[in-house]
Structure formats: C-alpha cells, structure tokens
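Trainee: Protein chains in written order, with our numbering: chain A, 11 to 250; chain B, 8 to 416.
Because the hints were derived from the structure by calculation, they are not lab data. A hint or two may mislead.
To be verified - Footprint (simulated), chain B over chain A, 3 or more residues, beta carbon under 8 angstroms: (1) 50-56; (2) 75-85; (3) 113-121; (4) 198-210.
Unchecked claim - One side of the interface only, derived from the structure: several residues of chain B facing chain A at Cβ under 8 angstroms: (5) 330; (6) 331; (7) 333.
Claimed, not checked - Non-contacting residues of chain A with respect to chain B, defined by C-beta distances greater than 12 angstroms in every case (computed): (8) 36; (9) 93; (10) 224.
Note that CB positions come from ideal geometry on N, CA and C, so glycine has one too.
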Amino acid sequence: MTAVAYNLEEPVTEKALIQLEDITKTYDAGENAVQALDGIDVAIEYGQFVSIIGPSGSGKSTLMHILGCLDTPTTGKYWLDGQDVAELSARALARIRNQKIGFVFQTFNLLPRATVLKNVELPLLYAGLSRVERRARAHEALERVGLTNRAKFRPNELSGGQRQRVAIARALVNNPSLILADEPTGNLDQKTGSEIIDIFENLSGQETIIIVTHDPTIASRTERRIKLVDGRIVDGEGIE
Amino acid sequence: MILFESIIDGIRDIKDHLGRTMLQLVGIILGAGSIVATFSLSVAGKAASMEYYRVSGGIQKIWIWDRPTGKVTLDAKALASRGLTYGDALAIQNGAKEVDLVSPVSQESMTIRYRNVEKPRSVMGVAPAYSPMNDVHAARGRFITDNDLVTGARVVVFGSDRAQEFFSTDDPIGKIVSINGTGYEVVGVMEEKYFSFDHKRNVMRWMNRQIYMPITTFFTRKGEPLAGGKVSFMHARMRDIKKHEEAVDQIRKVLLREHGVKDYDVMSRVANLRRNEQNNRMYDMTFMICGIISLLVGGIVVMNIQLASFNERVREVGTRKAVGASPAQIFSQFLSESILVSVFGGFIGLFVGKLFTDGIAALTRDPAIITADTVVKALIFAAGTGLIFGMYPAIRASRLNPIEALRTE
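Chain B with its partners taken away, still in its complex shape (with noise of 0.2 angstroms):
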C-alpha cells in the first residue's frame, strides 16, 4: 500500500519537475542505451553469422586453398607441387578419418552460348559432394551425380541467376547449350540461394550466378589427368564440431604428404568464429565499459538529487514520522523513489539505445536486434542504481529524529 502510495508520489514528482529529472537522468539514460546497443548489436551480429553459416553449410565447413609459398626450395617433391589437385580430394577423402565429405572445385571462364546469347562466363566443375557442402539444391532437375563423375558426363547445371540469363521464360531442362563450342545437355536447375545481413544486399548471389558441370568433364575438356587436375579450391565438412582441431590437422598433414611443401592454407569455421568472438569481445566491453560509468555518474547525480530533495522536505519527513510512519516505512518510500526515478531513466535510455543501435547499424551496415532480453536487462541495470545509490539517502531519511525534523524551518 505505502510502496503503491510513494509510486503515485514519485510519477508525480517526475511529471512536475520534468527538465530536473531529465536532466538528473541523463547518467542512467546514457548508460541504459549504451548497453541496448550494446547487446542489440553483439547479439544481433552473432545471429546473423550464426545464420549466415547454417544457410551456407554450416559452421562444420573447412575451407582449403592454395598459398603461393615464395619460398626457393630444391626438394624435387616440393618443386613439383602443383597446388590442390583432384587427387588431394581424394586423398583427403581417405586419409582424414574426421572429415565425411570432400568438395573439389576447379574454376575457370568459358564461352558459353545458347541460340543467340553468347557470354563469357564463370564455370565450375564440381563433384556431387558440392550440393551438401554448400547446402544448395537443384530446384529443377537434378544436380551433378557420381555417374556425371564416373562417366565425364557432357551435362550442366545453372544457377538460378543464370538460367534466367539465358533461357529466359524457356524450360531449360533438357536444352543443349554450348561451352568453348561443346555441347552440354542441361539436367537442372539450382534453387535461388539468399541472405542478407542489411536487408539490401544479398551476400548468397554469387552462389545464383553459377554454371556447374562434372568435375571430371572439366578436367577432360581441358586436357588435364584426373588426378594432377588443378583444383581451385577445396571444401571439407568435419565429422564433430568437438572434434574440429583434429580435423583440420588431419587434412594439413596429407596434404603436406602428398605436397612436400605447405604451400595451402586450412581453416575452420569453428575456428573463425572463436576468432571474431574475441575480437567482438572486445568491442562489446568497450561499449559495455561506457555504459557502467555512465550508471555510475547517473547513479552518483540521483543520489545528489535525492539527498537535496530530502533536505528540502526533512519536515515532511518530520510529520510522516510523527503520525505513525516507522523507519522502515520512510526507508521504502525514498529508495522506491530513486528506483522509480532511475528506472523511468532506464525506459528513456531504451528509446536512446535504440537510436545508437540504429545510428551504429546504419553506420556499419551491421545488424541490429532489440530484443526482450536485452529490455530487461538494461532496466535491471538501471533498477539497480536507483537501488544502490538511493540506499545512503532512504537510510539518512530513515533515520532523522522526529522532534528535530518538525523544528527544521
């Protein structure tokens, strides 16, 4: 009753001294937006790339590309290295127990025409694993299988994108088109793939914008040996995310095998993600730094405030004391008051939290997420300075002598 009764006196007092009150809230108002963009942000950033990877495969990808060494070396194996080969999939395939499943690529420009369209485009020779590995999946049709493999099949598979491109409203599957001026029937067409971190820019088109055939096709056209194919880049999909250490080891030692020389490089996604989780780590504490100092002033400016306010009302304080309120009872009111004060603070700063994360994310063109969360969390900060900092006032108030409170002009 007597905490509902200070609650109607604080909205009031609030709603009467409205510019003082905002002016003694800015401390909490910062603090408490400082740390919705801070949780807006972070959380919203970890969402986003933990989604990111779920719709592109999955954080149990590695990736596996060459690296030029620059190093002079006279081992004949290491001179003879060619890079990533075809045969490094395979090897891959069976040497490294902790990966299920290999996807080799080799890229590479060509002319490809239907009726009168003719466009140099990308091309890709994949092996069926591709279709798992990046989660992408034909629409129409079907995509490459281990007979395309084992047969060097003359077929290709379009990206959505390039379908359009160069069928436009015709059904593709079925049609002959041809690539470097060999005809290539297609047997499918891929699903449209997108995800967007800003809601403009779809960072899946180029997976749309692709023409993929046999991997062993491609290597026949061109006139390379199967296993020596030059291989552009590799994907490799690990057994247990626990497990992902020995996974990328186990792929760096048969290549080092069959290289001679460590002229790749190997990384996990799980690897990547510790590493921008530290990095964003930082950058959290640093917004989350700001935040508790500016609770801290705005938490030491209501404690000034409520310590003057109780010096101007030591006899009303007198009169409540004096028909039957307990020290207790005066304690409640004027810690209620501060925690009231600081938590209206807490609800401004939710609005001005949410026009730094906007500002930030415009900014950065990073996501931002509000969520029920992070609301309860920055009004618990700020709950929680009115409670501590409006502690030393309520006991002072608690604490005054009747007699000399009603003496008080």
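For reference, chain A alone in the conformation it holds in the complex (with noise of 0.2 angstroms):
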C-alpha cells in the first residue's frame, strides 16, 4: 500500500457531530473531590435522536452541561460540528452556544414578563439579528411546534405541554447543530410529555437531539440509549 494517508491532521470530527474523547470531570470540593465523569469516549452523528439515562448521580447532568458548553471539561478533548470547544473562554462558549446549541428544560425557563414571540426570540436577539428577522425567524420556529396562534401570550397564560413547545421553538430558532433536552416530561403529565416525545420525534432525522431522562418509556422511543453510571458509559449501543 502506497498510497499515502494525505488526511493524517484531518480533525477526526469530520463524520461526527460530537467527538468525546476521554472527557473528565472533578469537581474539587477540598478533600473529597467527585468525580462526576471518569472518561467519557463518545460520538454522535449528524441527526441522532438520543437519550442519556442512568440513575441520579451517575454524571448526566454533569455530562449534559459539558455538551451544552455551559462546563468545561477537567480533561478530555470535545469536538463539536469539528471546533475543539473543550478550552474556550466564557465569552467563546456562550457565542457556541448561541449559535449552535439549542436547550430544553425541565421548567420550562421562559422569561415570565415576555411573550410566547419575545421568548423564542431570545437566542437571535443575542446573535444581534434585526427585529424583522428575528419575529420572521421566531413564527416559523412556533409554526415547527404548532404554536402561532399563541405568539401574543405570556408563559403564565399557557399549559405545561404549551410551554416546553415554546422552549423548543426557542431551541430551534438559531437552526443549531444540537438540540440538548434535560427531563424535558418531567413537570409534564403522562399524556402531554408523550405529545412532546412526538414533537422531538418528528424533528429528529433534520436535528441532532439528545435527551437526558431516568424514564425509560422515553429511552425507548430515541433510536440510540447511552447509559452512564459512576461517570462511565456502560452501554452506549454503539460506541464507534
């Protein structure tokens, strides 16, 4: 074999969406520091419908944050869309974030005194797109959700299931890379989290979603189920 490997300093991200690679993360409480992830090796590609499960205490939510770029890993390398996002400033990580993630909450997080329309504009007002762009921007994210009909309400003015639709209009909104959902049922009934499963289900395949969830109804409907414990991944269905 001749032929030379010209791709040798190719960023090994290139198919990936996410490039974990031996990620861990202390938090140093003086003598009895934890240790939240104990080397993380993942990837995730471009349209995945994933979930995260495992107990509480077994790094999810440490793990989600650093994929959010809300945390920084203590060691480790994170690719994510081929950028080493694993070293950055502060000021890097929230123009990351603003650009190529979008986030779902348990509670919802829409800011109380702004409409449905100001919510979901939110994370283009940060972009520092115009007014115009961002209300025609902010409509076709709650038509994606089925909302535009309730642009003009505040958040106290709608159900639970019609909140976190806004939030994922939000979520949507900057057409990121990621979409990062932490128990997006969890203040949902059976039936109205189900509906919000459907939401997600429908998009994946045009997004990358991941979902953090301990219900495994809802694991079972992503199409890849990454389970940590201890701050290990024990079964990642997949782990390339």
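Could you fit the two chains together into a complex? Lean on the hints.
Mentor: Structure follows, in structure tokens:
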C-alpha cells in the first residue's frame, strides 16, 4: 500500500457532530473531590436521536452541561461540529451556545414577562439579528411546534405542554447543530409528555437531539441510548 | 439591538412597578432637583445683575461718596474739608489716569411750578458726563451740554415720569418752569429707563423721577463758589476693567491729597461683583453639596434595588446565558437598566427642581432661569449616578455561573 494518508491532520470529527475523547470532570471540594465523569468516549452523528440515561448521581447532568458548553471538562477533548470547544473562554462558549446549541429544560425557563414570540426570539437577540428577521424566524419556529396562534400570549397564560413547546421553538430558532433536552417531560403529565416526545421524534432526522432522562419509556423511543453509571458509559449502543 | 431591547424592558419595568420605582428614585429626584435649583438661581442671579450693570452704565462704574470720619483732628486741612466738591471732580478728571469720565452730582429738593402745578421735587445738578455714565439719554430735545456748564445756563431736563407729572399731554420742550422762583427753559425729556429682577418692580424708576440742571447753574443759584461747590456723590468710569484696582487707587490718592483726611468712600462695581460672587459661591456650594449627597444616597438605593431585582432574576439571567448571552451582554443589560431608571429619576427631578426654583424665587424675589445647560447637567449627574452604582450589580450578574443560576429555585 503506497498510497499516502493525505488526511492525517484532518480532525477525526469530520463525520460525527459530537466527538468526546476521554472526558473527565472533577468537582474539587477539598479532600473529598468528586469525580463526576471518569473517561467518557463517545461520538454522536448528525441527525441522531439519542437519550442519555442513568440513575441520579451517575453524571448525566454533568455530561449534559459539558455537551451544552455550559461547563468545560477537567481533562479530555470535545469536538463539536468540527470545532475544539474543550478550553474556550466564557465569552466564546456563550457564542457557541448561541450558534450551535438549543436547550430545552425541565422547568421550561421562559422569561415570565415576555410574550411567547419574544421568548422564542431571545437567542436571535443575542446573535444580533434585526427585529424583522428575528420576528420572521421566531414565527417559523413556532409553526414547527404548532403554536403560531399563541405568539402574543405570556407564559403564564399557557399550559405546561404549550410552555414546553415554546421552549422547543426557542431551541430550534437559531438552527442549532444540537438540541439538548434535560428531562423535558419531568414537569408534565404522561400524555402531554408523550406529545412532547412526538415533537422531538418528528424533528429527529433533520435535527440532532439528545434527551437526558431517567424515564425508560422515553428512552425506548430514541434510536440510541447512552447509559451512564458512576461517570462511565456502561452501555453506549454502538460506541464506534 | 440588545441595548434597545434592554431599554424597552427597562421602560416596561418602570411602568409595571411605578410606585416602587418612584420610592427607589427619591434620592435621585431630590438630587437632580437641587442641582437644577442651584444652577437656575445662580445662573439667573448672575445674568440679572450683569444685565442690571449693563443697562445702568456697565461694570466699569466707580461710586464715590462722603463718609463722615467722626474722628477728632487738629489738622487744619482736614478740619477744612467739606467732603466731596466739584473741585474734587475736576482733580480726579486731571489726576487719575485710569479714569476717563467723572460725573459729579449735587442733589436738593426744590419747588417746581408749571402753570398751576407746584410741588417740591428733587433736582440734580449734573455735568454732561452724567448721560454716558448712566447710559441714560434724552428722548426728546437734548441733555445738559458743556456750553450749558460754561455759561451757567438756566435750562432743565426732565425725567420721563416728571415730564408726565408736570406737563401731562403738553410738549415740555421750550416751556418755561419756575424752580425756587426762577424761570428755566425745558430743553429735553429723558428716555424711560426700565429694569426689573422680578418682572414686577422697576428698579430704575428713580431715574425717571429726576429733574436735571447744569451743576454750575445749581451752585450759582445756591450762591456757592464753583470749585468748592458741595457734591452729593460722584460716579467715575475706569478706562480698563483689568486695571480696576489702579483706577480706584488713583481716585483715593487724589481725594486724600485734596482732603487730607479719608472722609470719602470709593468702590468699583468690579470689586463689588467679585465680593458678591464669593458670597454666592458659598450659597451655591451648600445647595450643590445637598444635591450630591442626595444623589449618593439615591445611588446606593438604586444599587440595592438592582441587587434585589437581580436575586429575583437569577434564573432569568441563567436562561439568557444558556441561550447565548455573553457576560458583556448581560453586563450592559443590567447597567443600562440602572442608568435608564436613574435618568428617569433625573427627569422627574427636573420638574421637582422647577418647583424648588419657583419656590425659592418667589420667596427671595430672586430671578431664576432654567437653561438647557442646567437640564443637561442634571441629567448627566443622574445618569452618572446610575452608571457608578449600577456597576456592581451588573458585574455580579455578568459573572453568574449559568449552571448554578439555572439550578436556583
């Protein structure tokens, strides 16, 4: 074989959206330091619908914070969409979150005083888009979750399921590479929760979605499950 | 864009919590109000006195008047001094180089009669210099001339009120009036002088109530020798305001030489102005310090309220950060909120300042003008307070860790 490997220096992340290499996270609490993540290696492809499951204290939340660029790992490499994001400044991380990540939280985290439309516009505001463009794209995102008729409402005028759909619209509005949902059905009844998962299901394929959950029913509906115990992946269903 | 949104948010916040906001802003409102009042009164007071000086002959005017010493002296010359005389006026004219005009005035009540109107009225013996010295001119006919002075002419010039009083609708020019039984020809009527600090009282009305004759005629009719003629007071005018001290010194020197005793007072308007300015500065400072203290207290209140509202909004800050707000964006959002709220307070302070100003102006009868400059100053002070005291809450918000912020209940 004489062919030279021309692509030796190309990032290994060429094919995967997310590439984690030996990620550790230690919370330094003096003598009893906590090892929240202990060597995570995982790749997640574009358009995958993934759940991260595991008992409480398994490191789910920590992993999700690192994946969401809300936190940085103690050691290890993290490539997101071809970019090394493991050691970026707070400002640079804010930019990555703004451009590449959409969050959906258990408690919705909508701004109570702003209208649905303004809530959905929020990421675009920080991206510096014009008012007209923000409005157009926010309407588009609301259409995708079927809430265009609630644009002028305030969050407290909506049901829990509707609020979560607003949050999903907000996560979609900046065309992110990755949607991260942290227990998105945790505050909803079973039926409503199931409807929310329907939305994610419909979006999957076009969007890369990671749901952090402890609910096996929800996890069973994703195409891939990553199970964490004590800061390690015990079952990744296809660690490449 | 974010700034604009923050301002919209801030305005909505003020609207939603109007009562709380007003309480929060009491300090800033009072502070800005005091600043407005201080500047308004100070600026207007100064402008009004400058204007008064201007219409009454300018700040280059020097007053000279008698001051009985009350001292017992054996000095023959001092004993002989009769106070200010016409001779002194001539001596100052010749001896004080920094003086370009001297206007001696002798004043006495005389009986004035025209047809069937007869009244005792004050008459001034003056030189032609009186007119430029006091910036008062003949509206009809002419004022006293050098020729009148030399010939001791029996001519009189009436102030506007006096002309009205004695002649009513008649044209006074060319008419003969009797003064202490002697006939005088009316050769002029003066213009009406007006100046008011409070738009009510004409402080120059006394000038309209004068009757002027040549000072030489005045002495002759009283039987006094010309050079020794007793002068009630004099005005002198300095050549150069920068040399006001020299001018006053030279006048004092001449008078001391003539009198041998300090039985006179000399004061320039420039010196008087300086003294007034010093007094006013004390008054301004007091009010200004009150304003600044109010602003400081107001600023601390703003800071506390901002911190409290920040604690209420930790989750909101966390959410904003999660969707990509950078620390700088959060910082500018919080800071612009406190600046906005302070400027709002400053704006209300303008109206409170207007009330203060009107109140003080009504009590002291001082003039007051609220200028654009004053308004801008008050708003800048208010905005500055918001900027300084909004800094700490804004820094705290910008440094908030999004994970912990989102975890807060």
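Trainee: All the hints need checking, so say for each whether the structure fits it.
Mentor: Each hint, compared with the structure:
Coverage of the segment 50-56 of chain A by chain B is violated. Counting CB-CB distances below 8 angstroms, 0 residues qualify, and the rule asks for three or more. Counting residues of the segment 75-85 of chain A whose beta-carbon sits less than 8 angstroms from any beta-carbon of chain B gives 4, enough to reach three: the coverage restraint holds. Three residues within the 8 angstroms Cβ limit are the bar, and the segment 113-121 of chain A against chain B gives 5, so the coverage statement holds. Given a C-beta distance limit of less than 8 angstroms, the hint that chain B covers the segment 198-210 of chain A is violated, as 0 residues qualify and 3 are needed.
For residue 330 of chain B, the shortest C-beta to C-beta distance to chain A is roughly 4 angstroms, which falls under 8 angstroms, so the interface hint holds. Interface restraint check: residue 331 of chain B against chain A, minimum CB-CB distance 2 angstroms, threshold 8 angstroms, status holds. A least Cβ separation of about 4 angstroms between residue 333 of chain B and chain A falls short of the 8 angstroms threshold, and the interface hint therefore holds. At roughly 15 angstroms, the least C-beta separation between residue 36 of chain A and chain B is larger than 12 angstroms, which holds for a residue marked as non-interface.
The beta carbon of residue 93 of chain A is kept farther than 12 angstroms from every beta carbon of chain B, the shortest such distance being approximately 15 angstroms. The beta carbon of residue 224 of chain A sits about 17 angstroms from the closest Cβ of chain B, which is more than 12 angstroms, so the claim that it is off the interface holds.
Hint check: violations occur at hints 1, 4; the rest are consistent with the structure.
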